[in-house]
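Student: Residue strings, one per chain:
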Amino acid sequence: MNIDDSKLTAYALDELDEAERAAIAQEVAASPEAHREIQETQMMARLLRAEFAAELEHRQDVDATSKPLSANLSDIHDDPWFWSIARPLAIAAVIAVFAVIGLAIFGGYKLHQNEIAQASRHPTNLPLAAPSDAEAETTRPMIALQPPAAAQPEFGEEVSPGGDLRTQNGKFDTSDYGHFIENPFLPALDNPLSTFSVDVDTASYSILRRFINGGSLPPKDAVRIEEMINYFTYDYPPPKADEPFSINVDIASCPWEKTHRLVRIGLKGREIPDPVVKKDVAQQIDGTPVTIAKDVKIQVEFNPALVGSYRLIGYEKRRLRKEDFNNDKVDADEIGAGHMVTALYEVVAVDGAASPSVPPVDPLKYSVPPENARSNSSEMLTVKLRYKKPESDKSELLERAVVDDGKQFANASADFKFAAAVAEFGMLLRDSEFKGSGTMGAVLQWAQEGKSADTNGYRAGFLELVRKAEALKRG
Amino acid sequence: MQILLRRFEIPLLQFATRITGDRERARDVVQETFVKLQNNGAFQNPEPATWLFTVCRNGALNVCRKEKRTQYLDEELIEAREAEQPMPFERLEQQEAAGFLLRIVATLPPRQQEVIQLKFQNDLSYQQIAEITKTTANNVGVLIHTALKTLRQRIRQRGKGFCSFYPRTSET
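Keeping their order, the protein sequence lines are chains W and H.
Mapping of the first sequence onto my numbering: residues 1120 to 1594, in sequence order.
Mapping of the second sequence onto my numbering: residues 3 to 174, in sequence order.
The set of hints was computed from the structure by calculation and includes no laboratory data.
Don't be surprised by glycine CBs; every beta carbon is placed ideally from N, CA and C.
It cannot be assumed that every hint is accurate.
[To be verified] Computed list of chain H residues with no C-beta within reach of chain W, every gap over 10 Å: (1) Q114; (2) Y128; (3) G143; (4) T148; (5) K151.
[As the list claims (entries may be wrong)] Simulated pairs of lysine-lysine, DSS-like, Cα-Cα distance not exceeding 27 Å: (6) H:K68 / H:K38; (7) W:K1126 / H:K68; (8) W:K1126 / H:K38; (9) W:K1526 / W:K1377; (10) W:K1436 / W:K1359; (11) W:K1359 / W:K1126.
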């Protein structure tokens, strides 16, 4: 029978009436091809349902942090286990199936159904079984989503998302989550300005949580550290009456690289009184608060007299050119009422001992820094914030200069410790070259010390997730 | 009413955003839809989903029509809008931070995206989807069939980077 028939799809989705169904069923019985087509369609349908439900769950996560009203969407998905555990397995299964077919078609050789079935009994030889629908839901996947232990990459080498995922022609396939290279350490003398757009997205955390709960480590490029850090709320004071944000900076020693300093920059948007927010019903449910500022950009200026080099942790996809900061035509993200944005910098003092991950720079032979290149200021950095009021096209500037008081990590605030734990967790999941001496055990300890009140239980959830990831890493 | 609101608010918002390409306008449309639901007593309708999506779709299309007219008068505005606003589905993708499969869904033609959302997010039948999108059940079937086929092809292409076993099997 013709397998490219919309009737077959309708049959797979149970959309046919009695007579049509009977007719198709007869044809299907005689055609293994049609049978497989139906299985694939049904698997695709199941995946789509799971993805849509997961997306709603994500919306719920986002909403729960800002609006209690919408925290009760759970009646939409009646079986949370399926979405949290079976979904990654189902994805693995579908990709396995499609990979087999892809190989059969593009690889120039054909895998017969019985060969596939045989392969499923020998997962070590060819972990490419096409699990039946039932298996996809009930068994652990034979295919691990995490990469095999990859050879240590040379410094500076691009690492593909799956660790060692070269295709036959030697190219990397990096399409799924958008490949990115982590921000390197930059010498403050040459690059005193670090500019990025705020990011209040938190999807990466939900994605990696689903992977880990489903029994596999997430692909590296799915791990966006800024989104993980911003999933959690921090106890920043509200802004002054005439300003839309408070800028909060604290500095302590870096727990995974003791000779470095860790700088946390936190913005908190002004809260809007309830009656204003509740102006429309859809907005309440949607949970998107009123925008209090748009095109919010952050520029940090480091003082090269004190800072040798620095590294922005995460925000790889949000970096702006330094010229963009003052260019009102370059748009950026908006900040809603009560929203928070947190960013971490790892900083090496000008005469400080740098870790091996900080590349040494030879002194320049011909260029001599001008006299005033190093100021006498005791400030380590200045945070500059550009934003537009929601109704304005002209930006305004807020500034805050910061002195490092030499605090040790042990004496840092609970929020500081927790944010550091989340960042290091992300670097460990990415197997980042910047992960330093941190371990999952250390992350657990810092997060435990930083757990504080945790009224909504999010931080306890993080601790649980780290424990699971640690177990998965051990294998 | 509260139950319907909880159940359909976000799906409707996503649905309307896909059409208007703008979250704010979508929000207005959805709010209007629920106001109509309350006024018309339509919540006693045995098929509230079909009713809600139909009214929401009409509202969103109306907004688009009106927008087009005003934009037509102001060429500068069109240019500014086109420069700063991605295609509706791209915008949706950014805002919803969808998983990888939904990102592939977002590359489908708008009509196919629409029926896929109605079918697999909201579990509507071909017949219901046909009523909402003002077409025949047969045509819905063709759209869904084509969409699923394309999705499978694109997963096959893009899924490679996702699974560590791919290089190993190419050697066998």
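Student: State for each hint whether it applies.
Tutor: Comparing the hints with the structure gives:
no., hint, in the structure
1, Q114, "holds (12 Å)"
2, Y128, "violated (5 Å)"
3, G143, "violated (5 Å)"
4, T148, "violated (8 Å)"
5, K151, "violated (7 Å)"
6, H:K68 / H:K38, "holds (20 Å)"
7, W:K1126 / H:K68, "violated (38 Å)"
8, W:K1126 / H:K38, "violated (37 Å)"
9, W:K1526 / W:K1377, "holds (12 Å)"
10, W:K1436 / W:K1359, "violated (31 Å)"
11, W:K1359 / W:K1126, "violated (64 Å)"
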